[in-house]
Structures are given as structure tokens and as C-alpha cells.
Amino acid sequence: MTVTVEEVPLTPAPAPEDIKPGRRVRLVGISPACLNGLTGITQADPASRATTRLDVLLDESSTEFLRRDHRVNNTRKVKVPGPDVTRQLLRGIPTGGMFYAENDS
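With the numbering used here, you'll find the sequence shown wraps up at 1576, consecutive numbering, no jumps.
Treat the hints as calculated values from the structure; they're not laboratory data. One or more of the hints may lead you astray.
[As the list claims (entries may be wrong)] Computed list of lysine to any residue pairs in SDA-like fashion (alpha-carbon distance at most 25 Å, straight line): (1) K1550 - P1517; (2) K1550 - R1495; (3) K1548 - A1515; (4) K1548 - A1572; (5) K1548 - P1503; (6) K1491 - P1503; (7) K1550 - L1528.
[To be verified] Cβ-Cβ distance ranges computed for the label pairs, FRET-style: (8) R1538 - T1473: 46 to 54 Å; (9) T1473 - G1508: 34 to 42 Å; (10) T1473 - R1547: 53 to 61 Å; (11) T1523 - T1473: 45 to 53 Å; (12) T1473 - F1570: 33 to 41 Å; (13) G1553 - T1473: 54 to 62 Å; (14) L1560 - T1473: 49 to 57 Å; (15) R1539 - T1473: 41 to 49 Å; (16) S1502 - T1473: 16 to 24 Å; (17) R1538 - Q1514: 18 to 26 Å; (18) T1473 - V1556: 50 to 58 Å.
Just so you know, even glycine gets a beta-carbon here, dropped at the ideal spot from N, CA and C.
Using the sequences and the hints given, assemble the complete structure.
The structure is reproduced here in C-alpha cells:
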């Protein structure tokens, strides 16, 4: 029996300045650790001209994950979403800790 292996091309991660508002992103390598792996849509902050930080509106599953993550209680930077909150807004997240996640499932 012959087995063939197909190489999957690696897509380079976008540079932080490539992250734009309105795009789906995954948070990685940021502090506090309870935010790593969460996904959401980047939001423009009209009061800020900074391009190194954006607000992120978490999707419903990431908001629920954050609500149940016990590590949130160990940080003052992130608040536990209330029981009626379906999409948590995170303010001022560094774009260096974001990667595009449009194709994530």
C-alpha cells in the first residue's frame, strides 16, 4: 500500500498593522491568559487613533467560555460577563496578539 502525504502550505500570520476593524480574529499570546484562544470581531474605537490596539467583540461561544473560565477571577483586567451578556466587548486589545480567524470553525 502506498501512502501519499500532501503538504499544506503555511499561511504567514499577518503583521499587527494588517489587523483592521470588522475582521474576525483569534486572540493569542496575550495577557491575561484567560483571553488566549477566544474569537471575535475587531471594532474601531472612534475616540482613539491608535492602530496598535483595537476593541474586540467576542462571539457568543467565546463569551460563554470566558464566563466559565475560573482564571477570570484572578485578574482585574477582565470582568466576568453577566448572565444576560451574549457578546462581551474587550477594550484596547493589542493587535500583536490577534490573528485572522475567518476560516476557523
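Each hint tested on the structure:
Simply put, K1550 and P1517 have alpha-carbon atoms about 23 Å apart, close enough for the 25 Å limit, and the pair holds. Among the hinted pairs, K1550 with R1495 is consistent with the structure: their alpha-carbon atoms are about 22 Å apart, no more than 25 Å. Note on K1548 and A1515: the hinted pairing holds, with a Cα-Cα distance of about 20 Å set against a maximum of 25 Å. In summary, the hint linking K1548 to A1572 is supported, as the alpha carbons are separated by about 24 Å, within the 25 Å threshold.
Distance restraint check for K1548 and P1503: the Cα-Cα separation of roughly 7 Å lies within the 25 Å cut-off, and the hinted pair is therefore satisfied. A threshold of 25 Å between alpha carbons decides the hint, and for K1491 with P1503 the separation of about 22 Å falls inside it, so the pair holds. Between K1550 and L1528, the direct Cα distance comes to roughly 14 Å. Compliance with the 25 Å bound is thereby established for this hinted pair. Between R1538 and T1473 the Cβ separation comes to about 49 Å, which falls inside the hinted range of 46 to 54 Å.
Here the CB-CB span from T1473 to G1508 is close to 38 Å, well matched to the stated 34 to 42 Å. Our hint of 53 to 61 Å for T1473 and R1547 holds, since their Cβ atoms are close to 58 Å apart. Checked against the hint of 45 to 53 Å, the C-beta distance between T1523 and T1473 comes to roughly 50 Å, which is consistent with it. Range check, T1473 to F1570: about 36 Å between beta-carbon atoms, so the 33 to 41 Å window is met.
Taking 54 to 62 Å as the suggested C-beta distance range, the pair G1553 and T1473 conforms, at roughly 57 Å. Range check, L1560 to T1473: about 53 Å between beta-carbon atoms, so the 49 to 57 Å window is met. As the Cβ distance of R1539 to T1473 is approximately 47 Å, the hint placing it in 41 to 49 Å holds. A C-beta distance of roughly 48 Å is found between S1502 and T1473, which places it outside the suggested range of 16 to 24 Å.
About 20 Å separates the C-beta atoms of R1538 and Q1514, a value consistent with the hinted range of 18 to 26 Å. For the hinted restraint 50 to 58 Å between T1473 and V1556, the CB-CB distance of approximately 54 Å keeps it satisfied.
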